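Asker: Just so you know, the sequences run in chain order A and B. With the first letter of the first sequence counted as 1, position 103 gets the number 103 in the numbering used here; the numbers rise by one all the way through. With the first letter of the second sequence counted as 1, position 112 gets the number 1112 in the numbering used here; the numbers rise by one all the way through.
Calculated from the structure, these hints are not laboratory results. No experiment lies behind these values; they were computed from the predicted model shown. Please note: incorrect hints may appear among the correct ones.
No more than 20 Å apart at the CA atoms, straight line, and that leaves these computed lysine to aspartate or glutamate pairs for EDC-like [what the hints assert, rightly or not]: (1) A:LYS1 to B:GLU1030; (2) A:LYS42 to B:ASP1056; (3) A:LYS68 to A:ASP39; (4) A:LYS107 to B:ASP1038; (5) A:LYS99 to B:GLU1059; (6) A:LYS1 to B:GLU1059; (7) A:LYS107 to A:GLU17; (8) A:LYS99 to A:ASP27; (9) A:LYS42 to B:ASP1038; (10) B:LYS1009 to A:ASP39; (11) A:LYS99 to B:GLU1030; (12) A:LYS107 to A:ASP27; (13) A:LYS107 to A:ASP84; (14) A:LYS1 to B:ASP1056.
Derived coverage of chain B by chain A (criterion: at least 3 residues anywhere in the stretch with Cβ under 8 Å from a Cβ of chain A; other residues may be distant) [said to hold, decoys possible]: (15) 1042-1048; (16) 1101-1111.
Don't be surprised by glycine CBs; every beta carbon is placed ideally from N, CA and C.
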Amino acid sequence: KQEVTQIPAALSVPEGENLVLNCSFTDSAIYNLQWFRQDPGKGLTSLLLIQSSQREQTSGRLNASLDKSSGRSTLYIAASQPGDSATYLCAVRPGGYQKVTFGTGTKLQVIP
Amino acid sequence: NAGVTQTPKFQVLKTGQSMTLQCAQDMNHEYMSWYRQDPGMGLRLIHYSVGAGITDQGEVPNGYNVSRSTTEDFPLRLLSAAPSQTSVYFCASSYSSEVSTGYTFGSGTRLTVV
């Protein structure tokens, strides 16, 4: 059974700092991995999708990497801003129609 | 705007009442699913569908029914609401896993059962 862990559960950083969020998974037989952002009381917004054949994806100040062999993905946020404050979740999708497994998230607070 | 639309956004039910949460997508996604999100529990899959006429149970299906008569719609029915079903419900869709895309989520339905 796939297990997805996100550590730390919460993180507080000063504005402008570069930071890394971690996502670990136990079964490396994945199809893709997706990073989401969730603002309080809102739905999940997709940030980046990495296919199993890719090593990283970039969008603006965000960079996500994937190392299947070690069962790890990282989300790098450059020059953090207060508007980046949210909960970040990773989701691992296996092949076929097996269900996606979500991590429990990292709650990020960027302090002005 | 293309995406996943959920209605209602908020709902209060009395114990024992039934209701249907609506989910519609206009992206021609084959795969649709319902999740509930509870504090400390993360997202848990209730039911999912891989195409019209095909549904299957997730990890927490008890007390819920689904059907998929069209590609666009995937309603979730609460048969007899219980306080344990107080939660935020999300609908998500994607192309089939043979096509490399990710999930698109709706904005959620916040349900309170009293």
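Asker: None of the hints should be skipped; say for each whether it holds.
Answerer: Hints versus structure:
1. A:LYS1 to B:GLU1030: 25 Å, violated
2. A:LYS42 to B:ASP1056: 26 Å, violated
3. A:LYS68 to A:ASP39: Since the Cα atoms of A:LYS68 and A:ASP39 sit roughly 28 Å apart, the hinted pair is violated (cutoff 20 Å).
4. A:LYS107 to B:ASP1038: 15 Å, holds
5. A:LYS99 to B:GLU1059: Between A:LYS99 and B:GLU1059 the Cα gap is close to 9 Å, so the pair holds against 20 Å.
6. A:LYS1 to B:GLU1059: 12 Å, holds
7. A:LYS107 to A:GLU17: Holds, because 16 Å separates the two Cα atoms, which is no more than 20 Å.
8. A:LYS99 to A:ASP27: 13 Å, holds
9. A:LYS42 to B:ASP1038: 13 Å, holds
10. B:LYS1009 to A:ASP39: 16 Å, holds
11. A:LYS99 to B:GLU1030: Given pair A:LYS99, B:GLU1030 holds - Cα atoms ~14 Å apart, limit 20 Å.
12. A:LYS107 to A:ASP27: Judged against 20 Å, a Cα distance of about 24 Å means the pair is violated.
13. A:LYS107 to A:ASP84: 10 Å, holds
14. A:LYS1 to B:ASP1056: 18 Å, holds
15. 1042-1048: Our answer is that it holds, as 4 residues pass the Cβ test (under 8 Å) against chain A, meeting three.
16. 1101-1111: holds (count 9)
In this structure, the hints that do not hold are numbers 1, 2, 3 and 12, in rising order.
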